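Starting from the known structure of chain B, fit chain W onto it as the hints suggest.
Protein sequences, first through last, are from chains B and W. The numbering of the first sequence is UniProt numbering, which starts it at 1 and goes up by one. The numbering of the second sequence is UniProt numbering, which starts it at 1 and goes up by one.
Everything labelled a hint here was simulated from the structure, so no lab data went into it. Quantities reported herein were computed from a predicted structural model and do not represent experimental measurements. Among the hints, erroneous ones may be present.
Just the calculated beta-carbon pair ranges, DEER-fashion [stated by the list, open to error]: (1) B:V114 x W:F280: 42 to 52 Å; (2) W:F110 x B:L36: 52 to 62 Å; (3) W:R307 x B:L36: 51 to 61 Å; (4) W:R66 x B:D154: 20 to 30 Å; (5) W:G219 x B:T44: 37 to 47 Å; (6) B:P65 x W:S302: 44 to 54 Å; (7) W:R65 x B:T32: 51 to 61 Å; (8) B:V99 x W:P167: 49 to 59 Å; (9) B:T32 x W:F280: 19 to 29 Å; (10) B:L124 x W:F280: 29 to 39 Å; (11) B:E182 x W:G207: 28 to 38 Å.
Not everything, but these chain B residues come out facing chain W in the computed CB check (under 8 Å) [to be verified]: (12) T4; (13) P113; (14) I119; (15) I135; (16) V164; (17) F226; (18) S249.
The C-beta atom is built at its ideal place from N, Cα and C for all residues, glycine as well.
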Amino acid sequence: MTRTLISQAQLRRGRSRFLYWSLLGVVVAGFTLVFLGPLYWMVTGALKSGQEIAQTPPTLWPHDPQLQNYADAWNNLDLAKLMFNTFYYAAGAVFFQLVFDTAAAYALSKLRPVFGNVILGLMLATLMIPAMVLIVPQYVTAIDLPIVHVNLLDSPWAIWLPLVANAFNIFLLKRFFDSIPEDLIAAAQVDGASPLRTLWSIILPMSRPILGVVSIFAVTAVWKDFLWPKLVMPSPETRTLSVGIYAFSGGTPQNVVIAASVIAAIPTVIIFLLFQRNIMSGLTTGSLKG
Amino acid sequence: MAIMTASGVTRTAPPAPVKARGKAARRWKDNLTGHAFLIGAVLCFALFMWFPMIRGIVMSFQRTRRGETTWVGWDNYTRIVADPSFWIAWKNTFLFTILALVLGYALPFFVAILLNEFRHAKGYLRVLVYLPVMLPPASALFLFKYYAYDPSEAGLFNAILKALHLPTSEWMQSPTMTIPAMVIASTWMNMGSAVLIYLASLQNIPGELYEAAELDGAGVWRRIWNVTIPQTRLILALLAMLQIVATMQLFIEPLILANGAGTQDSATSVAYLIYQHGFFQNDLNGAAALGVIMLVVLAAFSAVYVRLTTKQD
Numbered sequence: 001m002t003r004t005l006i007s008q009a010q011l012r013r014g015r016s017r018f019l020y021w022s023l024l025g026v027v028v029a030g031f032t033l034v035f036l037g038p039l040y041w042m043v044t045g046a047l048k049s050g051q052e053i054a055q056t057p058p059t060l061w062p063h064d065p066q067l068q069n070y071a072d073a074w075n076n077l078d079l080a081k082l083m084f085n086t087f088y089y090a091a092g093a094v095f096f097q098l099v100f101d102t103a104a105a106y107a108l109s110k111l112r113p114v115f116g117n118v119i120l121g122l123m124l125a126t127l128m129i130p131a132m133v134l135i136v137p138q139y140v141t142a143i144d145l146p147i148v149h150v151n152l153l154d155s156p157w158a159i160w161l162p163l164v165a166n167a168f169n170i171f172l173l174k175r176f177f178d179s180i181p182e183d184l185i186a187a188a189q190v191d192g193a194s195p196l197r198t199l200w201s202i203i204l205p206m207s208r209p210i211l212g213v214v215s216i217f218a219v220t221a222v223w224k225d226f227l228w229p230k231l232v233m234p235s236p237e238t239r240t241l242s243v244g245i246y247a248f249s250g251g252t253p254q255n256v257v258i259a260a261s262v263i264a265a266i267p268t269v270i271i272f273l274l275f276q277r278n279i280m281s282g283l284t285t286g287s288l289k290g
Numbered sequence: 001m002a003i004m005t006a007s008g009v010t011r012t013a014p015p016a017p018v019k020a021r022g023k024a025a026r027r028w029k030d031n032l033t034g035h036a037f038l039i040g041a042v043l044c045f046a047l048f049m050w051f052p053m054i055r056g057i058v059m060s061f062q063r064t065r066r067g068e069t070t071w072v073g074w075d076n077y078t079r080i081v082a083d084p085s086f087w088i089a090w091k092n093t094f095l096f097t098i099l100a101l102v103l104g105y106a107l108p109f110f111v112a113i114l115l116n117e118f119r120h121a122k123g124y125l126r127v128l129v130y131l132p133v134m135l136p137p138a139s140a141l142f143l144f145k146y147y148a149y150d151p152s153e154a155g156l157f158n159a160i161l162k163a164l165h166l167p168t169s170e171w172m173q174s175p176t177m178t179i180p181a182m183v184i185a186s187t188w189m190n191m192g193s194a195v196l197i198y199l200a201s202l203q204n205i206p207g208e209l210y211e212a213a214e215l216d217g218a219g220v221w222r223r224i225w226n227v228t229i230p231q232t233r234l235i236l237a238l239l240a241m242l243q244i245v246a247t248m249q250l251f252i253e254p255l256i257l258a259n260g261a262g263t264q265d266s267a268t269s270v271a272y273l274i275y276q277h278g279f280f281q282n283d284l285n286g287a288a289a290l291g292v293i294m295l296v297v298l299a300a301f302s303a304v305y306v307r308l309t310t311k312q313d
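Bound-form chain W, shown alone:
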């Protein structure tokens, strides 16, 4: 294919005596041109993606003290795992991920199905749902922290709960409410993109399928179960995976909403622990080991995901 892209350079080159050799030279030059176009992006990938990937793994087996780096084997891992906050962080992260899947994954699908049925105000509703996605997360989280999750009755959520005669909550001050509160804030901020992706895939479902299902006497719920869900299966599976990867990296919510660890460590996440080790405890190697553990856990999830999605086909 490279022969098709003769460059200006090749045109001015003197004709080679042997045809085959000329062809080879031309191909070589074409490849050079192609790689010249690639070099900027490739360098950035090498520096900030590929190299750090390897380096993170290497760092996790080393220890740097006073500028001296030594090989310590699994020491960083055993040290990290022995720390009780490691298990608390994983417990919190998993709980957040599961709750965020229930809310942040099912809700957008339901909203998309609903919006897809409307013939009016569609544009307005779509803009509304996506609007929070465009806010800087720090801005949105300060809104939640100061105004919505204010533990006194002056807080927005408590005022609403009180008006409905429901018990008020201490929100971020209560260890049991910390994670649900973070899930609510994060779902509000992020669900817009999932809704739009679902909407687009819903619009690709052939109308005849619903037609046929209706003729067979299928009600609305049966049509959703037997037509909508199977037809959007791949997108549903893909977004589930993306959602797990995204929520496992829970960081800015604990940092801003819970000032880091939260009441009784109720907000500590694995990502927050990486940040703590790396940038406060001067333990870059421990942080790297945590990063590798997170990668392994997510890789395991991906493996399960690939297994499940390929089995169905």
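This is chain B alone, in the form it adopts within the complex:
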């Protein structure tokens, strides 16, 4: 344990020790209230009836739990379909990001073709451009792809392809590949391995942690995104969860909208609880080394 702001010896002393434990108690209780409280309110609120939700003061737990709200959300909003769509887009996003971004990062890190650094620079420059600035020209491009003149509206490609253009992922992967010793690659070449074979049999097996991080980020990016899927998936059949819930929110009882929001949040929360270590390490390494 490294030394921080306050030394450990100091914390063991009488008054500081008391202060430390009471502060810890306050923070744990406070954080639980602030960050878990709203989620509790959301899950139980969606179980309340219309009258109970309008009651003052609000009830802490539902007196007459209405599972019907969740059932209504599931059936009336066709959440199964919306969830399938979102999952399908997320799976494709993981696939295409892993294929194209690892290939690109491998080329930039190990193959280093001419103009590689220029390309990397142009990619990283896009990190500085806010998404809202590009939304209109991106949309115009998606409805009429240059040269081939294909309309991507309502096609999953409209979600998958723009997500491949992720400079952060390529940078993260490249940094990781940079740390793989050059000797290993050279040895593979002496054994006659092609670049693809080297990538597949040497680089990828060593890069599992970072590939996991990229995959998790891809899933959550699709799950959390709102405006882009709202624009490029206009039909009710191709919508994502978030867009679908928003579209229905106008004419649907509040409790049912909240029940749907709870259902929409479950997959990412489960992913987070399962992979929190990977997510947190990915988040911190990516930002710190950058």
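Chain W alone, transformed into the frame defined by chain B:
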């Protein structure tokens, strides 16, 4: 460096008569292999980043009517700027950005310093702070809209305020509370990532620095001021920039919490105006011009940022 990566293709190629020419051919082939690996990502960047970037600028000087595109110079810009909602949107966006910096930028740093001192329940606290980051923003915002910001006394926030004998608020229905309410919701949703990034950088501060400061008689606040802040300066500056870029794009909060513009346009943001022009008023060119204006404003911020951060070194 490309010579090191001999491909399978080069091995089977017949030996060239002149050594130099063989080398060149091999390098050419290696480059080809490298670019083959790059092509997928490069195409996606070209289609959805580089090309739209240029296209957005071009579009902002054009006008498309009934399928016919003409060059109109600065017309879109003058038209956009003449619209009173342009200035309201910028005022709201700046106010949101400033408040979000005060709350969403300082608070995570403070929380990270606090968490870094704890030797217990660290994992639990970290999971808690990051949990809202994982929620789909639409889900979280409906929670705020319907349950927290309910203007009646049945709303969560009003119930708490009432229990504390404080005046209740109309939240999104009140023009003065709209922006603070959006800042609170957005800080709750997003502060987790900043906390984790700060925590990681705090853990890199050498303990001897605190040791030395303590021996010199520096109290806790002095240690934060003279050790913690200088040591995390770069990350602090970087996150300030990222926070400005992120908050300037305020969009989903007004859309969901305030049904778009909000009471008396109190929620209209520049990003929301882009959306309005582009996808409701059928004015893609005006929206593109707004996008370029936003880019210029952010570029100006970046320039100031680069100036400030390089001066200190």
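- [ ] For W:R307 and B:L36, compare the CB-CB distance with the range 51 to 61 Å and indicate the outcome.
- [x] At roughly 42 Å between Cβ atoms, B:L36 and W:R307 fall outside 51 to 61 Å, so the hint is violated.
Task: Cβ distance range 44 to 54 Å for B:P65 and W:S302, holds or violated - done: holds (52 Å)
Task: Interface restraint verdict for B:P113 against chain W (beta-carbon cut-off 8 Å) - done: holds (3 Å)
Open item on the list: Less than 8 Å between beta-carbons is the criterion; does B:V164 satisfy it with respect to chain W?
Closed with: holds (4 Å)
TODO: Could you see if the CB distance from B:E182 to W:G207 stays within 28 to 38 Å?
DONE: holds (35 Å)
TODO: Starting from the hint 29 to 39 Å, judge whether the C-beta atoms of B:L124 and W:F280 obey it.
DONE: The hinted range 29 to 39 Å holds for B:L124 and W:F280, with Cβ atoms some 34 Å apart.
- [ ] Identify whether the interface hint at B:F226 stands, where standing means a beta carbon of chain W within less than 8 Å of its own.
- [x] With a minimum Cβ separation of about 5 Å from chain W (threshold 8 Å), the hint on B:F226 holds.
Task: chain W contact restraint for B:S249 - C-beta distance below 8 Å - done: Hint holds; B:S249 Cβ to chain W Cβ min 7 Å, cut 8 Å.
Task: Cβ separation of B:V99 and W:P167, checked against the hinted range 49 to 59 Å - done: About 57 Å separates the Cβ atoms of B:V99 and W:P167, which means 49 to 59 Å holds.
Open item on the list: A closest beta-carbon separation below 8 Å is what the hint needs, so does B:I119 meet it against chain W?
Closed with: Status holds, d = 6 Å.
Open item on the list: Range first: 37 to 47 Å. Now tell me if the beta carbons of W:G219 and B:T44 are that far apart.
Closed with: Holds: the Cβ-Cβ distance is about 45 Å, inside 37 to 47 Å.
Task: Satisfaction of the hinted span 19 to 29 Å by the C-beta atoms belonging to B:T32 and W:F280 - done: violated (42 Å)
Consistency note: the structure conflicts with the earlier hints numbered 2, 3 and 9.
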